[in-house]
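J.: Modelling step: build the complete structure from the supplied sequences, incorporating the hints.
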Amino acid sequence: MTIEILMPALSPTMEEGTLAKWLVNEGDSISSGDLIAEIETDKATMEVEAVDDGKIGQLLVPAGTEGVKVNTPIALLIDSTELPHASIKNIADKPYLEKEKIAPELKMVKPITLEPNSSIITVREALRNAMAEEMRSDKNVFVMGEEVAEYQGAYKVTQGLLDEFGDKRVYDTPITEHGFAGIGIGAAFGNLKPIVEFMTFNFAMQAMDQIINSAAKTLYMSGGQMGCPIVFRGPNGAASRVAAQHSQCYASWYAHCPGLKVVSPWSSKDAKGLLKSAIRDPDPVIFLENEVMYGQSFNCPDNEDFLLPIGKANVEKEGSDVTIIAFSIMVGKSLEAAEILHEKGINAEVVNLRSLRPLDLDTIINSVKKTNRVVTCEEGFPFAGIGAEISAVVNENAFDWLDAPVKRVTGKDVPMPYAANLEKLALPQVDDIVNACSEVCYKD
Amino acid sequence: MKKNTSTKTLNESKMNYDLELLKDMYQKMLLIRRFEEKAGQLYGMGKIGGFCHLYIGQEAVVVGIQSAQIEGDSIVTSYRDHGHMIACDMDPKGVMAELTGREDGYSKGKGGSMHMFSREKGFFGGHGIVAAQVPIGAGLAFAHKYNGNKNVSITYFGDGAANQGQVYESYNIASLWKLPVIFVIENNKYGMGTSVNRSSAGDNLSDRGKAYGIKSEIVDGMDIIAVRDAAIRAIEYCRSGKGPYILEMKTYRYRGHSMSDPAKYRTRDEVEKIRKTSDPIENIKILLNKMGVEDKALKDIDVKIKSKIADAAKFAQDSPEPSEAELYTDITIN
Chain F
0 MTIEILMPAL SPTMEEGTLA KWLVNEGDSI SSGDLIAEIE TDKATMEVEA
50 VDDGKIGQLL VPAGTEGVKV NTPIALLIDS TELPHASIKN IADKPYLEKE
100 KIAPELKMVK PITLEPNSSI ITVREALRNA MAEEMRSDKN VFVMGEEVAE
150 YQGAYKVTQG LLDEFGDKRV YDTPITEHGF AGIGIGAAFG NLKPIVEFMT
200 FNFAMQAMDQ IINSAAKTLY MSGGQMGCPI VFRGPNGAAS RVAAQHSQCY
250 ASWYAHCPGL KVVSPWSSKD AKGLLKSAIR DPDPVIFLEN EVMYGQSFNC
300 PDNEDFLLPI GKANVEKEGS DVTIIAFSIM VGKSLEAAEI LHEKGINAEV
350 VNLRSLRPLD LDTIINSVKK TNRVVTCEEG FPFAGIGAEI SAVVNENAFD
400 WLDAPVKRVT GKDVPMPYAA NLEKLALPQV DDIVNACSEV CYKD
Chain S
0 MKKNTSTKTL NESKMNYDLE LLKDMYQKML LIRRFEEKAG QLYGMGKIGG
50 FCHLYIGQEA VVVGIQSAQI EGDSIVTSYR DHGHMIACDM DPKGVMAELT
100 GREDGYSKGK GGSMHMFSRE KGFFGGHGIV AAQVPIGAGL AFAHKYNGNK
150 NVSITYFGDG AANQGQVYES YNIASLWKLP VIFVIENNKY GMGTSVNRSS
200 AGDNLSDRGK AYGIKSEIVD GMDIIAVRDA AIRAIEYCRS GKGPYILEMK
250 TYRYRGHSMS DPAKYRTRDE VEKIRKTSDP IENIKILLNK MGVEDKALKD
300 IDVKIKSKIA DAAKFAQDSP EPSEAELYTD ITIN
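Residue numbers (numbering that gives the first Met the number 0), protein chains in the order written: chain F, 0 to 443; chain S, 0 to 333.
Hints in this document: simulated from the structure, not taken from any laboratory. Hints are not guaranteed to be accurate.
Simulated crosslink set (DMTMM-like; lysine to aspartate or glutamate; CA at most 25 Å straight-line) [said to hold, decoys possible]:
#, chain 1, residue 1, chain 2, residue 2
1, S, Lys149, F, Asp137
2, F, Lys369, S, Glu119
3, F, Lys138, S, Glu70
4, S, Lys177, F, Asp166
5, S, Lys241, F, Asp171
6, S, Lys275, S, Asp299
7, F, Lys192, S, Asp299
8, S, Lys177, F, Glu145
9, F, Lys138, S, Glu119
All figures in this text were calculated on a predicted structure; none of them were measured in a lab.
T.: Below is the structure:
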């Protein structure tokens, strides 16, 4: 009898991990519950327990292997009476060992060419670097939030900050968003520069009153006296299979309210340049990250003074037939859609908004004047969403330039379902963008 | 916990108080009262709009505490804030001009009665959402601690706010992180029209600090000397780095919750009785008399204050409305 021990999924978004260390050797007898290996995900290092009794017949994946896909067999468990390897006469009998490459290629991601004065780093590292650099240069910058210090961040974004800056600059808070958001705002009124992490923006709903009524409005109500230089940051939008209360894009909620700046990066470069600008900004900034993007790698400038201006969009790909306007994770999906559209003879321009408020009207309108067609993309709900706002400003400012009505690609108008198939249906996909662009170009 | 059960009779020991200090506190309380009376009058004339919450009756709380503060301490409170601003030495002209919505108001006419600020005087508002100022006050204390200065944050809130969840989120963090914040509960017995015993479980609001390990006291908030003494203890405790402190001030507002409140939830007798027996200004006046200050001298103070308030009222009505360009300023800094 041989049982395959499979690479386990250790978080909702984990697709692969590093087999950091074996805690058993071939030939060891093990019981259910014994620790057999350490696996590193992009969020944490976890220990894996045996679920069956038996003897380790063979370790199929050597310790230190990166990129081991979930459900790949990593070891074989044999009867305690068998000899190791005895059940496997020849490794060729197990074709998956050959076929299943241990380090699978990342899907959707093309090889990245290193740019000058840059490093290829993940969005997570870019965010962390941005915070660390700003904390080094300004002693009034500090970080607070749930699990940001000793745990190193629920999504590891604050990893290492406690070690470098100590507990006077990095604070673990209780799970009380309303309270700690308010304390952050008070500290900002007291001339400090807090970075308040929400574990996700879903939980920031608890703090909405403080964010809107205290952070956003007090400058105005004080006739300009009470600036609030604070950054609220954390993952926004859908993660994976976590259902309605943990999967929502709040971009339009915050962008609705005067007094706030709302920023949403896509790449590592965006993440670093925009977060550094947000920390230096004298106004309250809502910084909407995306959990799915944390582990993705991009070129990112090394320069410690690299800043991206808040309120400025970026044309990620030039085109002439249709303008796709997106932010955050939807920028990547829009670029994929643009490639498919290219094959269909449609040359799409992709605008990465980067900031939702202030909205870069000039870049949007200039692009519309060039392409005469607009498709907006967001994960959020359609009703009164970012796409609705863009549609309105395009109407008001470039109506005569339009050759087709503005088309919105959005999340469906439903709470996020849990089931995998329904979740996929609820989220905007590359095909939806392709179809919307074909439609406004009047092509099938 | 220490319960202050002092009666309204004036204790002889109070005669040992510094006369100049007592006179100063008397003047400040009277200035607040006259200011509020004038604000009520201007409201009745339609010169002040919106909500307007008067502090009449509660003057001893803020003046007593203010007398124990030092330069650089932060003060933050709710929307019943006129008294706090005057106690912070903000100019009654600027406060009144804000009430009338004019350009010389502390917020250029864009905040109104409930939302005024003066960084210069350490007054951080003036907040319109019940209890929102409590975590903000804890945050100001955080800034004092972070900067390593000896200042404290005085965070006022009412008995109504004391049931809000964010108060307890703030207690928890303030106690965990030993923030130098004095939580002052101004218990005036009614959260709008609901009496404390109809809204709040348990005997005393201050008892709730125990769960967080926060030291607390109940104080007769109508007795300015008791208030000052308690404030000195609380501030000393906070300044020495021991963490937060709760002062529950038993006080009373003579007017309605706001100008539009008919106050049917209590009897006229109740108000009259407290006015007659416990008025903080009358009581200190008696003490000053006993200490040898003559009625004439007190009268002179009153005349001066009335004239100051008349000037403020005139200023507030003469100041122009903000220019229309102000609509789009101060939304963000850049």
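J.: Compare the structure with each hint and give your call.
T.: Against the structure, the hints:
1. S:Lys149 - F:Asp137: 22 Å, holds
2. F:Lys369 - S:Glu119: 52 Å, violated
3. F:Lys138 - S:Glu70: 24 Å, holds
4. S:Lys177 - F:Asp166: 14 Å, holds
5. S:Lys241 - F:Asp171: 20 Å, holds
6. S:Lys275 - S:Asp299: OK: Lys275 (chain S) and Asp299 (chain S) at ~23 Å, within 25 Å.
7. F:Lys192 - S:Asp299: Violated: Lys192 (chain F) and Asp299 (chain S) sit about 49 Å apart, past 25 Å.
8. S:Lys177 - F:Glu145: Holds, at roughly 18 Å.
9. F:Lys138 - S:Glu119: 23 Å, holds
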